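Peer 1: Following the working numbering, the numbering of the sequence shown begins with 5 at its first residue and continues without gaps.
Hints in this document: simulated from the structure, not taken from any laboratory. Every value quoted in this text rests on a predicted model; they were computed, and no experiment measured them. Errors might be hidden in some of the hints.
In silico lysine to aspartate or glutamate, EDC-like type, Cα no more than 16 Å apart, as pairs [claimed, not checked]:
| id | residue 1 | residue 2 |
| --- | --- | --- |
| 1 | Lys11 | Asp29 |
| 2 | Lys170 | Asp184 |
| 3 | Lys170 | Asp78 |
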Amino acid sequence: MIATPLKTAASAAVFPSDANWRRIDYLALGNARQQSAFRALTRSGFWPALQGCGECAFISTVAIGLDRPGSDLDLLSGADPETLARALAPFGPLTLTPHASGASVLHLELGDGEGHRWPIEVFATAQPLPSCNGWRHLAIMGRLLHLLGDPFAAQILAARQQDGLKGEAAMARALGLDGDPYQAMLTLEPYSDPALLALWTP
Numbered sequence: 005m006i007a008t009p010l011k012t013a014a015s016a017a018v019f020p021s022d023a024n025w026r027r028i029d030y031l032a033l034g035n036a037r038q039q040s041a042f043r044a045l046t047r048s049g050f051w052p053a054l055q056g057c058g059e060c061a062f063i064s065t066v067a068i069g070l071d072r073p074g075s076d077l078d079l080l081s082g083a084d085p086e087t088l089a090r091a092l093a094p095f096g097p098l099t100l101t102p103h104a105s106g107a108s109v110l111h112l113e114l115g116d117g118e119g120h121r122w123p124i125e126v127f128a129t130a131q132p133l134p135s136c137n138g139w140r141h142l143a144i145m146g147r148l149l150h151l152l153g154d155p156f157a158a159q160i161l162a163a164r165q166q167d168g169l170k171g172e173a174a175m176a177r178a179l180g181l182d183g184d185p186y187q188a189m190l191t192l193e194p195y196s197d198p199a200l201l202a203l204w205t206p
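Between the sequences and the hints, there should be enough to build the whole structure, so can you do that?
Peer 2: Here it is in structure tokens:
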């Protein structure tokens, strides 16, 4: 059963209500940039090729409508880097670099068929995908957008566009969270909905 997407304030962006980042079908129903990302990943055959390598997920901020011009399309893959590089080689020149998390990152670009080109980063990891920080950050950010609504989404987008902040940093600042914003966001995972609602005042 396909979960119903939830709408955010980010110019009609949508995201899965079940925070299942293994799917991308909802992107076709979203804002212009989400639809462009969907075209880039599907018309090219890239998403099916990635799925053919094993479990994969779409963890870009595009997924929740908090991207900005220049944002990457970030993906996770459970495949080993060499297998992934061979499978994705037909999609154009790519480079492979190590990541601080222990993952290997494949970099390439994809066009959407309508003039826009997206930078792509595929993180090849041995971790279970839902335990990766990128997945977990996206899940808590989506939950916050759902609970706190349009004014919160507008504040986060403004902080991203005006101050150049990453999504996690913008949310951590809006919620008054101290310390490293990436770790601070993860501390919110066990919070109840009322506890999350109490963190922010419009």
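Peer 1: Would you mind confirming whether the straight-line C-alpha gap from Lys170 to Asp184 stays at or under 16 Å?
Peer 2: holds, 12 Å
Peer 1: Is Lys11 within 16 Å of Asp29, Cα to Cα?
Peer 2: Cα-Cα ~14 Å, so holds.
Peer 1: Is the Cα-Cα distance between Lys170 and Asp78 16 Å or less?
Peer 2: holds, 14 Å
Hint violations for this structure: none, all hints satisfied.
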